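Asker: For the record, the sequence lines run as chains A and B.
Residues 1 to 467, numbered by this note's numbering, are exactly what the first sequence covers, in order.
Residues 1 to 467, numbered by this note's numbering, are exactly what the second sequence covers, in order.
If you're looking for bench data, these hints aren't it; they were derived computationally from the structure.
Heads up, a few of these hints could be off.
Remember, identical chains collapse to one label, so a pair may be satisfied in a single copy or spanning two.
In silico DSS-like cross-links for lysine-lysine, where the CA-CA straight-line distance does not exceed 27 angstroms [unchecked claim]:
hint	residue 1	residue 2
1	Lys-4	Lys-235
2	Lys-431	Lys-248
3	Lys-414	Lys-4
4	Lys-412	Lys-212
5	Lys-160	Lys-337
6	Lys-212	Lys-456
7	Lys-300	Lys-327
8	Lys-222	Lys-160
9	Lys-15	Lys-51
10	Lys-435	Lys-212
11	Lys-303	Lys-223
12	Lys-412	Lys-179
13	Lys-212	Lys-248
14	Lys-179	Lys-451
15	Lys-412	Lys-456
16	Lys-248	Lys-222
17	Lys-179	Lys-414
18	Lys-222	Lys-303
19	Lys-300	Lys-216
20	Lys-337	Lys-235
21	Lys-223	Lys-160
Computed from a prediction, not measured in an experiment: that's the story for all the values here.
2 protein chains.
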Amino acid sequence: MSYKKFDEADLAVIKDIINDPERVLYKDQINEEYSHDELSGTSSYPDVVVKAVSAEEISQIMKYAYNNNIPVTPRGAGTGLVGSSVAMEHGIMIDSSLMNHILELDEENLTVTVEPGVLLMELASYVEDHDFFYPPDPGEKSATIGGNISTNAGGMRAVKYGVTRDYVRGLEVVLPNGKIVEFGGKVVKNSSGYSLKDLMIGSEGTLGFITKAILKLLPLPKKAISLLIPFPTLKQAIDTVPLIIQSKVIPTAIEFMQREVIIDAEEYLGKKFPDSQSDAYLLLKFDGNSTEEIEAAYDKVAKLCLEQGAIDVLISDTEEREESIWKARGAFLEAIKGSTTYMDEVDMVVPRNRVNEMVEYLHNLHTEVDIRIKTFGHAGDGNLHSYILRDDLSQEEFERRMELAMEKIYQKAKELGGQVSGEHGIGFAKKPYLKESLDEDNLALMAGIKKAFDPKNILNPHKVFQP
Amino acid sequence: MSYKKFDEADLAVIKDIINDPERVLYKDQINEEYSHDELSGTSSYPDVVVKAVSAEEISQIMKYAYNNNIPVTPRGAGTGLVGSSVAMEHGIMIDSSLMNHILELDEENLTVTVEPGVLLMELASYVEDHDFFYPPDPGEKSATIGGNISTNAGGMRAVKYGVTRDYVRGLEVVLPNGKIVEFGGKVVKNSSGYSLKDLMIGSEGTLGFITKAILKLLPLPKKAISLLIPFPTLKQAIDTVPLIIQSKVIPTAIEFMQREVIIDAEEYLGKKFPDSQSDAYLLLKFDGNSTEEIEAAYDKVAKLCLEQGAIDVLISDTEEREESIWKARGAFLEAIKGSTTYMDEVDMVVPRNRVNEMVEYLHNLHTEVDIRIKTFGHAGDGNLHSYILRDDLSQEEFERRMELAMEKIYQKAKELGGQVSGEHGIGFAKKPYLKESLDEDNLALMAGIKKAFDPKNILNPHKVFQP
Numbered sequence: 001m002s003y004k005k006f007d008e009a010d011l012a013v014i015k016d017i018i019n020d021p022e023r024v025l026y027k028d029q030i031n032e033e034y035s036h037d038e039l040s041g042t043s044s045y046p047d048v049v050v051k052a053v054s055a056e057e058i059s060q061i062m063k064y065a066y067n068n069n070i071p072v073t074p075r076g077a078g079t080g081l082v083g084s085s086v087a088m089e090h091g092i093m094i095d096s097s098l099m100n101h102i103l104e105l106d107e108e109n110l111t112v113t114v115e116p117g118v119l120l121m122e123l124a125s126y127v128e129d130h131d132f133f134y135p136p137d138p139g140e141k142s143a144t145i146g147g148n149i150s151t152n153a154g155g156m157r158a159v160k161y162g163v164t165r166d167y168v169r170g171l172e173v174v175l176p177n178g179k180i181v182e183f184g185g186k187v188v189k190n191s192s193g194y195s196l197k198d199l200m201i202g203s204e205g206t207l208g209f210i211t212k213a214i215l216k217l218l219p220l221p222k223k224a225i226s227l228l229i230p231f232p233t234l235k236q237a238i239d240t241v242p243l244i245i246q247s248k249v250i251p252t253a254i255e256f257m258q259r260e261v262i263i264d265a266e267e268y269l270g271k272k273f274p275d276s277q278s279d280a281y282l283l284l285k286f287d288g289n290s291t292e293e294i295e296a297a298y299d300k301v302a303k304l305c306l307e308q309g310a311i312d313v314l315i316s317d318t319e320e321r322e323e324s325i326w327k328a329r330g331a332f333l334e335a336i337k338g339s340t341t342y343m344d345e346v347d348m349v350v351p352r353n354r355v356n357e358m359v360e361y362l363h364n365l366h367t368e369v370d371i372r373i374k375t376f377g378h379a380g381d382g383n384l385h386s387y388i389l390r391d392d393l394s395q396e397e398f399e400r401r402m403e404l405a406m407e408k409i410y411q412k413a414k415e416l417g418g419q420v421s422g423e424h425g426i427g428f429a430k431k432p433y434l435k436e437s438l439d440e441d442n443l444a445l446m447a448g449i450k451k452a453f454d455p456k457n458i459l460n461p462h463k464v465f466q467p
Numbered sequence: 001m002s003y004k005k006f007d008e009a010d011l012a013v014i015k016d017i018i019n020d021p022e023r024v025l026y027k028d029q030i031n032e033e034y035s036h037d038e039l040s041g042t043s044s045y046p047d048v049v050v051k052a053v054s055a056e057e058i059s060q061i062m063k064y065a066y067n068n069n070i071p072v073t074p075r076g077a078g079t080g081l082v083g084s085s086v087a088m089e090h091g092i093m094i095d096s097s098l099m100n101h102i103l104e105l106d107e108e109n110l111t112v113t114v115e116p117g118v119l120l121m122e123l124a125s126y127v128e129d130h131d132f133f134y135p136p137d138p139g140e141k142s143a144t145i146g147g148n149i150s151t152n153a154g155g156m157r158a159v160k161y162g163v164t165r166d167y168v169r170g171l172e173v174v175l176p177n178g179k180i181v182e183f184g185g186k187v188v189k190n191s192s193g194y195s196l197k198d199l200m201i202g203s204e205g206t207l208g209f210i211t212k213a214i215l216k217l218l219p220l221p222k223k224a225i226s227l228l229i230p231f232p233t234l235k236q237a238i239d240t241v242p243l244i245i246q247s248k249v250i251p252t253a254i255e256f257m258q259r260e261v262i263i264d265a266e267e268y269l270g271k272k273f274p275d276s277q278s279d280a281y282l283l284l285k286f287d288g289n290s291t292e293e294i295e296a297a298y299d300k301v302a303k304l305c306l307e308q309g310a311i312d313v314l315i316s317d318t319e320e321r322e323e324s325i326w327k328a329r330g331a332f333l334e335a336i337k338g339s340t341t342y343m344d345e346v347d348m349v350v351p352r353n354r355v356n357e358m359v360e361y362l363h364n365l366h367t368e369v370d371i372r373i374k375t376f377g378h379a380g381d382g383n384l385h386s387y388i389l390r391d392d393l394s395q396e397e398f399e400r401r402m403e404l405a406m407e408k409i410y411q412k413a414k415e416l417g418g419q420v421s422g423e424h425g426i427g428f429a430k431k432p433y434l435k436e437s438l439d440e441d442n443l444a445l446m447a448g449i450k451k452a453f454d455p456k457n458i459l460n461p462h463k464v465f466q467p
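The task is simple: from the sequences and hints, build the whole structure.
Answerer: Pasting the structure below:
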């Protein structure tokens, strides 16, 4: 691949399209934040950052970039963990953060239409204020919806409600050649040709720039309750999860957490976790429309957990307690990050009855490779978040051990019928592991699809796979 | 496109691969049924029909076909309505009906793994026997699951539970070049490259041959109840639907039906419909785990319907009544077919608050084009099934009027923010309408994708769009 180097002449054209000097940042005006995402392992500066406000602006910029062979990198809130929004080939970065308007709440069709830069927390609170519910609930609430769609983010409530894909009805997209197209719409069913909408979801900004999304809503459940359940061992806790699923009760969320991560969260938040009886917990949430319904469900699950050896079942029935538990859970990533000098992450997903094998494997790996690994995650959907910590290791030694650990983890995940990423995506950092995990044929198909959308490979090059 | 004409030498190779003469049908051995699907408008014979029993057999046949440029048409139960499973270029038809095994019920992961030839009714009753629930519920219960996935079939319960896509976790697929690949798996979340699984779903056998599917199950709801609600006019009935949605109760199904179609069903079934007060009905279903929960929901909806002018609310609380209502609903397609000499169908989907505009438009069109049109459908998800009847018209005159009517209907659907097909697919018959309905850019992307999967265009040519 050889791209045109972005220069002053290109800048003049961009400035002409945007017509607002404050929304075009060039060279020294570009904040360091734009050179990386939440985990700074992948780092590279764009030549120019454009804060677009409309699909039309993005269309014009893409058209210019396409005709002149200049790479373009889409950017939301930059909260990704795998480098998807880093400008590996420099060029133009299009930042969607000013496209943060909620355009329409359609109560008759149960949809909300948003611009891509709306933050997850803004969307969640807006729809809740109107007594609606947007179920996807990734830990990072300050991610943009555009970013959530680009990685098919999952979050805690996937056990009951599914993932972002399940809530995207339609998309407006600017293609790499600058054309503005629509995929899907407000319709509930669709069998009208290949689902280009579903192809866009999870494509990490490599096929097009999402400029508008029509999302499906649900009525807001009237009640929710959480259970915090200490177990003598993590193994017992996680072994209980398939039994919960088998009991035909579907909790909203099933998370597992370990003391060492809870301690990090306590330190990070400066606040005690509401229980200290054990080293291993399950955290469950139930929601629904009647107290009876929820009580029946959690009663059954509480009994089952006690039968499986749980030490206690703590019902979080006050708002204060509820908040303190979930706040701790929500702080895990930042808390672990704060507990070490540097870290990298693994976001593998395995069938939910294989979680324990994975957790045990990680535990042994810790010793085998001699590197600290902290894990928490979505026990109910098989998606684990493991963080490999540098601590006092030299950069070189860390990289050696980290790569060895990752190699082994992804190999194990594959063996267990799992996949490289449950919700964080592949981006730049996980490309080698996707390559090892998927068949050559699958990668060849992806490359063919990329070519159909972006024959010049100008949109977010070096991401997901090498075309 | 120019294909190799299938000859005796090819037959010998196929017979060698299959090694069971009873599973290879050639020329005169091919039943007339194989030349068309449920609506016989599209008609063409394959040269050979192969009743495959494994992915390996299909792989070998595809490889041979690919290397020798012979077209291949996938076939399930042949219950489609748009010609997707008709061998337009003759060649090899691969019939999946012997691949009808349920391979695994995994209670810990809430999945069932099936071969593509399992019939929907077989799957539904198998999982119910194990106290599980496979929610997609298209009217045609003798369709195969492979066919349901290939059209992303929706059915009645889409209002609450979504469509087939929402229940496919993983697929095993034979690619046009004969390679066997896996897309997705038993995992609940996945963000590991482009979702080839979602691309396969709804691609009508043009990208690969589905040889195995891992489907998501839910616990079986413990109770269900239906309401049959007569209204003075169809307009009043349908206008009530967005109000039901807005009331934040989510019924399992919301269907509308008209007297003229009910009469057809009565004649077809030889059985009276349980109510005759009106010309227009809403039929609603509610399900859940407690009587209280369901009662609260239907109470609210019943009151709302009466406020909107409903004549009555008939609660179907006996199994007999329940069966007689839904049996009538299930017989509509066959009943309408039996009431005329020939017909063609339209399966447009519009946002659910635009259904009334569509129904009124269809009513007026009836007069304008002077052709009988009967409509019923999924009021709750905006998917209408309209049948254009030939009656005593000459074939030529019927085709003229039918094409005129279709042209106008699809134009109107587009105007209302709708799509060409909600669940029946595009196949051969609806290609011209998809072409008019979608942007050129969308079609070009689809063609590019097809090329990535099937560069020789040997798999199910002439379907969905012209590459």
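Asker: So, for every hint listed, does it hold in this structure?
Answerer: Now the hints, each set against the structure:
1. Neither within a single protomer nor between protomers do Lys-4 and Lys-235 lie at most 27 angstroms apart by alpha-carbon distance, with minima of 55 angstroms and 60 angstroms respectively.
2. In this homomeric assembly, Lys-431 and Lys-248 never come within 27 angstroms of each other (Cα to Cα): the closest approach is 38 angstroms inside a single copy and 43 angstroms across copies.
3. Neither within a single protomer nor between protomers do Lys-414 and Lys-4 lie at most 27 angstroms apart by alpha-carbon distance, with minima of 39 angstroms and 41 angstroms respectively.
4. Proximity of Lys-412 and Lys-212 under a CA criterion of 27 angstroms is satisfied inter-copy only: 24 angstroms between copies versus 38 angstroms inside one chain copy.
5. Proximity of Lys-160 to Lys-337 under the C-alpha cut-off of 27 angstroms is found in neither arrangement, the shortest distances being 29 angstroms within a copy and 40 angstroms between copies.
6. In this assembly of identical chains, Lys-212 and Lys-456 lie within 27 angstroms of each other by CA distance solely inside one copy; the values are 24 angstroms within and 36 angstroms between copies.
7. Proximity of Lys-300 and Lys-327 under a CA criterion of 27 angstroms is satisfied intra-copy only: 26 angstroms inside one chain copy versus 36 angstroms between copies.
8. Taking the shortest alpha-carbon separations for Lys-222 and Lys-160, both the intra-copy value of 16 angstroms and the inter-copy value of 17 angstroms come in at or below 27 angstroms.
9. In this homomeric assembly, Lys-15 and Lys-51 come within 27 angstroms of each other (Cα to Cα) only inside a single copy, at 11 angstroms, whereas the closest approach across copies is 63 angstroms.
10. Taking CA atoms no more than 27 angstroms apart as the test, Lys-435 paired with Lys-212 passes between copies only; the shortest distance there is 24 angstroms, against 31 angstroms inside one copy.
11. For the homomeric pair Lys-303 and Lys-223, the shortest alpha-carbon distances inside one copy (21 angstroms) and between copies (24 angstroms) are both at most 27 angstroms.
12. When the C-alpha separation of Lys-412 and Lys-179 is checked against a cutoff of 27 angstroms, the pair qualifies only between copies, where the shortest distance is 25 angstroms, while the shortest distance within a copy is 42 angstroms.
13. In the homo-oligomer, the alpha carbons of Lys-212 and Lys-248 lie at most 27 angstroms apart only across protomers (25 angstroms), although the nearest pairing inside one protomer, at 37 angstroms, exceeds that limit.
14. Both within a single protomer and between protomers do Lys-179 and Lys-451 lie at most 27 angstroms apart by alpha-carbon distance, with minima of 16 angstroms and 21 angstroms respectively.
15. For a Cα distance limit of 27 angstroms, the shortest separation of Lys-412 from Lys-456 qualifies neither inside one copy, at 36 angstroms, nor across copies, at 37 angstroms.
16. Taking the closest pair of Cα atoms, Lys-248 and Lys-222 come within 27 angstroms of each other both inside a single copy (21 angstroms) and across two copies (11 angstroms).
17. Taking the closest pair of Cα atoms, Lys-179 and Lys-414 come within 27 angstroms of each other only across two copies (20 angstroms); inside a single copy the shortest separation is 38 angstroms, beyond that limit.
18. Taking identical chains as interchangeable, the C-alpha atoms of Lys-222 and Lys-303 lie at most 27 angstroms apart whether they share a chain (24 angstroms) or sit on different chains (21 angstroms).
19. Taking CA atoms no more than 27 angstroms apart as the test, Lys-300 paired with Lys-216 passes between copies only; the shortest distance there is 23 angstroms, against 31 angstroms inside one copy.
20. In the homo-oligomer, the alpha carbons of Lys-337 and Lys-235 lie at most 27 angstroms apart inside one protomer (25 angstroms), although the nearest pairing across protomers, at 59 angstroms, exceeds that limit.
21. Both within a single protomer and between protomers do Lys-223 and Lys-160 lie at most 27 angstroms apart by alpha-carbon distance, with minima of 15 angstroms and 19 angstroms respectively.
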